[in-house]
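**Student:** If you read the protein sequences in the order shown, they are chains A and B. If you read the first sequence in our numbering, its first letter stands for residue 23, the second for the next number, and so on. If you read the second sequence in our numbering, its first letter stands for residue 354, the second for the next number, and so on.
Keep in mind the hints are simulated off the structure, nothing from the lab. Misleading hints may appear alongside valid ones.
Said to hold, decoys possible - For lysine-lysine, the following DSSO-like pairs were computed, each having C-alpha atoms within a straight-line distance of at most 30 Å:
id: 1; chain 1: A; residue 1: Lys-48; chain 2: B; residue 2: Lys-544
id: 2; chain 1: A; residue 1: Lys-48; chain 2: B; residue 2: Lys-467
id: 3; chain 1: B; residue 1: Lys-530; chain 2: B; residue 2: Lys-544
id: 4; chain 1: B; residue 1: Lys-530; chain 2: A; residue 2: Lys-64
id: 5; chain 1: A; residue 1: Lys-102; chain 2: B; residue 2: Lys-504
id: 6; chain 1: B; residue 1: Lys-482; chain 2: A; residue 2: Lys-37
id: 7; chain 1: B; residue 1: Lys-540; chain 2: A; residue 2: Lys-48
id: 8; chain 1: B; residue 1: Lys-537; chain 2: A; residue 2: Lys-48
id: 9; chain 1: A; residue 1: Lys-37; chain 2: A; residue 2: Lys-48
id: 10; chain 1: B; residue 1: Lys-540; chain 2: B; residue 2: Lys-530
id: 11; chain 1: B; residue 1: Lys-365; chain 2: B; residue 2: Lys-439
id: 12; chain 1: B; residue 1: Lys-439; chain 2: A; residue 2: Lys-48
id: 13; chain 1: A; residue 1: Lys-84; chain 2: B; residue 2: Lys-467
id: 14; chain 1: A; residue 1: Lys-37; chain 2: A; residue 2: Lys-102
id: 15; chain 1: B; residue 1: Lys-512; chain 2: A; residue 2: Lys-48
id: 16; chain 1: B; residue 1: Lys-482; chain 2: A; residue 2: Lys-64
id: 17; chain 1: A; residue 1: Lys-64; chain 2: B; residue 2: Lys-467
id: 18; chain 1: B; residue 1: Lys-540; chain 2: B; residue 2: Lys-467
id: 19; chain 1: A; residue 1: Lys-64; chain 2: B; residue 2: Lys-537
id: 20; chain 1: B; residue 1: Lys-482; chain 2: A; residue 2: Lys-102
id: 21; chain 1: B; residue 1: Lys-479; chain 2: A; residue 2: Lys-84
id: 22; chain 1: B; residue 1: Lys-504; chain 2: B; residue 2: Lys-467
id: 23; chain 1: B; residue 1: Lys-512; chain 2: A; residue 2: Lys-64
id: 24; chain 1: B; residue 1: Lys-479; chain 2: A; residue 2: Lys-64
id: 25; chain 1: B; residue 1: Lys-439; chain 2: B; residue 2: Lys-540
id: 26; chain 1: B; residue 1: Lys-479; chain 2: A; residue 2: Lys-102
id: 27; chain 1: A; residue 1: Lys-37; chain 2: B; residue 2: Lys-512
id: 28; chain 1: A; residue 1: Lys-102; chain 2: B; residue 2: Lys-512
id: 29; chain 1: A; residue 1: Lys-84; chain 2: B; residue 2: Lys-512
id: 30; chain 1: A; residue 1: Lys-48; chain 2: B; residue 2: Lys-479
id: 31; chain 1: B; residue 1: Lys-504; chain 2: A; residue 2: Lys-37
id: 32; chain 1: A; residue 1: Lys-48; chain 2: A; residue 2: Lys-102
id: 33; chain 1: B; residue 1: Lys-479; chain 2: A; residue 2: Lys-37
id: 34; chain 1: B; residue 1: Lys-504; chain 2: A; residue 2: Lys-48
id: 35; chain 1: B; residue 1: Lys-482; chain 2: A; residue 2: Lys-48
id: 36; chain 1: B; residue 1: Lys-530; chain 2: A; residue 2: Lys-48
Stated by the list, open to error - Part of the chain B face toward chain A, derived, beta carbon under 7 Å:
id: 37; residue: Thr-398
id: 38; residue: Gly-475
id: 39; residue: Asn-508
The C-beta atom is built at its ideal place from N, Cα and C for all residues, glycine as well.
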Amino acid sequence: MSETLNHTCSICGSKYHACVGCSDVKSFTPWKTIVDTIEHYKIFIILRDYTNQTIDVNEAKKLLLQRDLVGLENFNLEIKNVIGEILEIEDSKEAKVIKSKK
Amino acid sequence: MAFNPNELVLEKIRAVEEYDIATSVLLGRYTQIESPNLATTATGTDVLDAMGSPIMTFYNGQQGTFGFTNSLLSLDLAASQFGATKEVAATGSALTMPVSEIVTIGSGATVVLKYTPVGTTGAEVKYIKIINDDNTFGATFEVSATAGAGKFTLNAGTKTATLPTGTTGRAFVQYYKSTETAVKITKSTEKEPAVRSLLIHAIFHNPCNKNLVYAGTIWCPRAQPDPTNVSLDLTPEGKHAASYLLQKEYCGTEGKLFEIMVSED
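Go ahead and model the full structure; you've got the sequences and the hints to work with.
**Tutor:** In structure tokens form, the structure reads like this:
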């Protein structure tokens, strides 16, 4: 029997099924309350920390580059924009540092 | 002259105490006793003559019940009736407790919670629902890692949620807090009440002289809270009724259900 797609991933917007009252979600995959995969949960945490300014843009970029960003083009618009902002801003900062060293 | 009372005036049941049957540890003590009642039952089997007339009756299946109503809601009594252990939070052993808040949305479309929300990191608060001026539900916002339409961001450390710019009014937020000053009892269908020993303390008076006060006890070696009909009246004037099934000790030699004692001093 097909399961109801009752959640929407906070990162990619995909519909998925999760039963927040079920023991497997409670015990092993509590992140399923907000995202569909563990990789998207890791991205969520990085972006949340960046939004809450508990990590800076450099740290955010470093952490994001360690993650699998496959499907980035299909991520939720606000997520895609912030990831782009992090990656781009950091690149330009690095470029400025290299220029100043010359 | 030996102290040998017959008729006494029972003023009141002073307290009911529950003890662990194996260790005699005190597990509960109830002091607001109303309508205490001690009763026994037996099953009678008639022996009939040829005309079907009973000529004698044998009794077996003897057991007792003790019931009372506590004037106040007792968490210890409820735990005993539910077969549960009352969990008491303390420093280093916090309990998680649900909270529902209606918060006025502040400047910058922020919602500042009363307590630090706990739970799945990042989703300590999953939804925020706007309460309209007429108390109907408004828009529902979902937690996100970044600001966006229909989304809010959450900084659990500062207890602050930030809604989309321009959102005003009141917000309903449900979340869980961690507390070191709370207790919890859980009613589970997997558990049934444990058998206890009961010690019931009574105050008697001499019917001829009220000033003569006697102490009485009723000792029930085996008493199990009856879970077949536990009802908690959740009102200020509500009482807390309890009933115990009194049975004999299997290993006891006397088949004792309970014993009543009255002492002159």
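**Student:** Hint check: B/Lys-540 vs B/Lys-530, CA-CA at most 30 Å. Holds or violated?
**Tutor:** holds, 21 Å
**Student:** Return the status of the interface hint for B/Thr-398: holds when the least beta-carbon distance to chain A is below 7 Å, violated otherwise.
**Tutor:** violated, 50 Å
**Student:** For B/Lys-530 and A/Lys-48, compute the direct alpha-carbon distance and say whether it is at most 30 Å.
**Tutor:** Status holds; Cα separation ~17 Å.
**Student:** Decide if the proposed pair is consistent with the structure: B/Lys-439 and A/Lys-48, CA atoms, cutoff 30 Å inclusive.
**Tutor:** holds, 23 Å
**Student:** Could you grab the alpha-carbon distance between A/Lys-102 and B/Lys-512 and see if it respects the 30 Å cut-off?
**Tutor:** holds, 26 Å
**Student:** Between B/Lys-482 and A/Lys-48, does the CA-CA distance stay at or below 30 Å?
**Tutor:** Given pair B/Lys-482, A/Lys-48 holds - Cα atoms ~24 Å apart, limit 30 Å.
**Student:** Compare the distance between the alpha carbons of A/Lys-37 and A/Lys-48 with 30 Å, and conclude whether the hinted pair is satisfied.
**Tutor:** Holds, at roughly 19 Å.
**Student:** Do the alpha carbons of B/Lys-504 and A/Lys-37 lie within 30 Å of each other, as the hint requires?
**Tutor:** Distance of about 16 Å is within 30 Å: holds.
**Student:** Regarding the pair B/Lys-439 and B/Lys-540, is the alpha-carbon distance no greater than 30 Å?
**Tutor:** holds, 10 Å
**Student:** Do the alpha carbons of B/Lys-479 and A/Lys-84 lie within 30 Å of each other, as the hint requires?
**Tutor:** holds, 27 Å
**Student:** A/Lys-37 and B/Lys-512: Cα distance at most 30 Å?
**Tutor:** Holds: A/Lys-37 and B/Lys-512 sit about 29 Å apart, inside 30 Å.
**Student:** Hint check: A/Lys-84 vs B/Lys-512, CA-CA at most 30 Å. Holds or violated?
**Tutor:** Status holds; Cα separation ~27 Å.
When each numbered hint is compared with the structure, violations occur for hints 13, 19, 37.
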